Amino acid sequence: MIQGIPLYYFLVVSTLMFFIGIFGFLTRKNLITMLMSIELILNSVNINFVVFNKYLYPQNLQGHFFSIIVIAVAAAEAAVGIAIIINIYRNFRSIDVENVDQMKN
Amino acid sequence: MRHELLLTALALVVLIIDLMLKPGQKNAIIPITIILFALHTIAGFLPAQPGELFGSMYRTDALHVMMKNILNVGVLIILLQSVTWLHKDENREKMAEYFIILLSTLIGMYFMISSGDFLMFYLGLELATVPMTALAAYRHHETKSAEAGIKLLLSSALSSGILLFGLSLVYGSTGSIYYNDVAASFSQTPMQVLAFIFFFAGMAFKISLVPFHLWTADVYEGSPVNVTSYLSVISKGAASFILIIILYIVFHSITFLWKDLVYIIAILTMTIGNLFALRQKNMKRFLAFSSIAQAGFILLGIIAGSKTGMTSVIYFVLVYIFSNLGAFGVVSAISNATGKENMDDYDGLYHTNPKLSLLMMLSVFSLAGIPPVAGFFGKFFLFTSAASAGYYWLVFIAVLNATISLYYYLLVVKAMFINKNEAPIASFKSDMATRIALIMCTLGLFAIGFWGQLYELINNLSIGILN
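So the sequences go chain by chain: A and B.
This note's numbering numbers the first residue of the first sequence as 2 and each following residue consecutively.
This note's numbering numbers the first residue of the second sequence as 342 and each following residue consecutively.
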């Protein structure tokens with residue numbers, strides 16, 4: 002419990018982060034920025050887990066474990082993602098989504 | 342636990358053997374892996390003890406074992422089908438990677454199916470999707486394949502993010518991530534409904550249900566054919582299995598809510614998948630949209646909510662594995678021999694390659710649900726289970742959609758058997774592995790339909806919504 006800061010402040014921050022992430026993912030054209038938006042989403046999830054754990058269920062540690070594992074998986078995802086983006090750059094000479102459109106209906 | 346341990350050991354053994362082989366003899370890795378995997382598949386059928394591990398994060402019983410065995414059979418066929426393609430020059434340096442990545446995604450699916458809490462579920466899901474993107478971008482010098490990789494990566498990462506946000510709300514409102522505890526304290530507060538919707542949206546991405554299907558066609562077209570068949574059959578099958586388990590076990594207290602949701606999404610998925618399939622010229626895109634429509638049919642079994650519902654879903658996935666792999670097997674054999682993937686190229690195929698055309702015909706008949714082949718029984722059981730739960734209008738729409746789908750499936754048959762072509766694809770011989778795979782598909786298409794005990798066997802293990 003943190004003195005003077007109610008649970009709901011944290012939830013507002015994490016929900017805002019989540020939707021900023023979604024918004025960024027949908028509007029940005031640069032692949033790296035899109036990947037960063039996904040990191041924002043995952044970090045908002047981490048805040049949720051840790052805060053719920055600390056404020057509501059301090060008797061066990063499930064939320065903390067979950068957020069640690071989310072961080073680890075996010076690192077793996079970013080590693081694969083950046084490798085694929087480098088490959089995109091080699092093939093298309095650009096990392097702008099508007100140029101990566103070989104296949105369309 | 343035997344499935345997971347054996348497969349992990351298998352992936353490591355492949356890695357070590359690949360290191361020990363000299364540069365000239367790298368090809369030996371292909372038969373070694375396939376034989377080891379075949380042994381693993383057989384070992385999977387040996388009787389297994391039900392049990393729990395890691396404080397019930399992992400649990401296994403006869404139902405889970407059966408689901409894993411179904412996936413194993415599908416993966417074995419895919420490995421056999423990819424032999425010809427792996428022998429090509431472009432893959433000489435990276436054959437072992439194909440096997441290791443493919444096997445690790447399968448390990449992820451095992452853990453996902455056997456999960457007893459959302460943490461294990463999430464880990465399995467990520468292990469099944471993150472390496473998958475590397476497989477989609479496997480031909481890294483080709484622009485289409487690179488594009489498929491980035492599209493799969495971004496859409497699957499976004500969908501896991503949405504799913505995770507739902508899971509965090511589930512944790513916040515119930516105080517646990519274990520399926521049993523969550524199921525016991527889940528009710529209908531707005532936060533929990535929101536949590537469920539986020540969760541379902543994330544899963545809908547994985548099974549490519551409308552309106553989350555937009556990545557499917559591009560990824561399927563750009564990936565190598567065998568990776569496409571893996572994505573469309575094994576990934577989709579595993580995700581449907583775990584979706585039905587979670588909906589029935591964890592979210593059984595808000596059944597009325599998810600049934601409405603599934604009802605609408607089932608209609609949208611079947612209809613839009615079919616309508617888009619009508620206008621495709623590329624075989625892989627065509628099969629992608631047909632697989633979206635098939636996912637809509639799977640929802641019919643899920644919505645039934647009964648024991649027969651789950652039985653029909655598992656049975657349908659089993660049939661779908663054989664029929665879709667039959668179709669993809671032919672597409673992959675032709676693509677390997679000639680590099681052609683468009684439907685126009687199939688004109689007059691029957692005159693030059695009668696056996697391949699016959700198998701293609703059987704597979705698309707099975708996908709469309711025409712009686713002598715197994716696909717008919719799969720669809721029939723799905724429709725029966727939905728109708729017995731009272732969803733007559735839904736079944737009516739599904740039957741209409743099955744009729745529309747018959748039209749475009751018959752277009753393929755018409756191209757092969759009736760259309761005239763000055764220069765059809767030349768007659769060619771496939772190698773041994775491809776033949777075995779295609780024969781397995783053909784046998785499966787007939788055997789599953791006529792072997793009546795199989796349905797009983799699945800039915801004995803299935804569960805309905807707990808009440």
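Hints were generated in silico from the structure; no laboratory data involved.
For clarity, every value in this text was computed on a predicted model and none was experimentally measured.
Note that beta-carbon positions come from the ideal geometry of N, C-alpha and C, so glycine has one too.
Check the hints yourself; a few may be wrong.
[What the hints assert, rightly or not] Cross-link-like lysine to any residue pairs, in silico, SDA-like; alpha carbons within 25 angstroms at most:
#1 B:K485 / A:D97
#2 A:K30 / B:M398
#3 A:K55 / B:K435
#4 B:K485 / A:R94
#5 A:K55 / B:G396
#6 B:K485 / A:T28
#7 B:K485 / A:I83
#8 B:K435 / A:K30
#9 A:K55 / B:F395
[Stated by the list, open to error] Some chain B residues close to chain A (C-beta under 10 angstroms, calculated; not the full set):
#10 A350
#11 L351
#12 P364
#13 N432
#14 E434
#15 L505
#16 W734
Hint by hint, here is what the structure shows:
Restraint check for K485 of chain B and D97 of chain A: satisfied, since their Cα atoms lie roughly 15 angstroms apart, inside the 25 angstroms limit. Distance check on the hinted pair: K30 of chain A and M398 of chain B sit about 40 angstroms apart at the alpha-carbon level, beyond 25 angstroms; violated. Taking the CA atoms of K55 of chain A and K435 of chain B, the gap is about 47 angstroms. The hint is violated against a cut of 25 angstroms. Distance check on the hinted pair: K485 of chain B and R94 of chain A sit about 14 angstroms apart at the alpha-carbon level, within 25 angstroms; holds.
Only pairs whose Cα atoms come within 25 angstroms are accepted, and K55 of chain A paired with G396 of chain B is accepted, the gap being roughly 22 angstroms. For the given pair, K485 of chain B sits about 23 angstroms from T28 of chain A by alpha-carbon distance, which is consistent with the 25 angstroms threshold. For the hint pairing K485 of chain B with I83 of chain A, the CA-to-CA distance comes to about 18 angstroms; that is within 25 angstroms, so the pair holds. Between K435 of chain B and K30 of chain A the alpha-carbon distance is near 32 angstroms, which puts this suggested pair outside the 25 angstroms criterion.
Using a Cα cut-off of 25 angstroms, the hinted pair K55 of chain A and F395 of chain B holds, with the two alpha carbons roughly 23 angstroms apart. Proximity of A350 of chain B to chain A is violated relative to the hint, the smallest CB-CB distance being about 22 angstroms (cut-off 10 angstroms). Hint status for L351 of chain B: violated, given a least beta-carbon distance of 21 angstroms to chain A, over 10 angstroms. Taking 10 angstroms as the C-beta cut-off, the interface hint given for P364 of chain B is violated, the closest approach to chain A being about 24 angstroms.
This hint is violated: N432 of chain B has a C-beta 16 angstroms from the nearest C-beta of chain A, more than the 10 angstroms allowed. The closest approach between the C-beta of E434 of chain B and any C-beta of chain A is roughly 15 angstroms, which is over the 10 angstroms cut-off, so the hint fails. For L505 of chain B, the suggested interface contact is upheld, since its CB lies about 4 angstroms from the closest CB of chain A, less than 10 angstroms. Taking 10 angstroms as the C-beta cut-off, the interface hint given for W734 of chain B is violated, the closest approach to chain A being about 30 angstroms.
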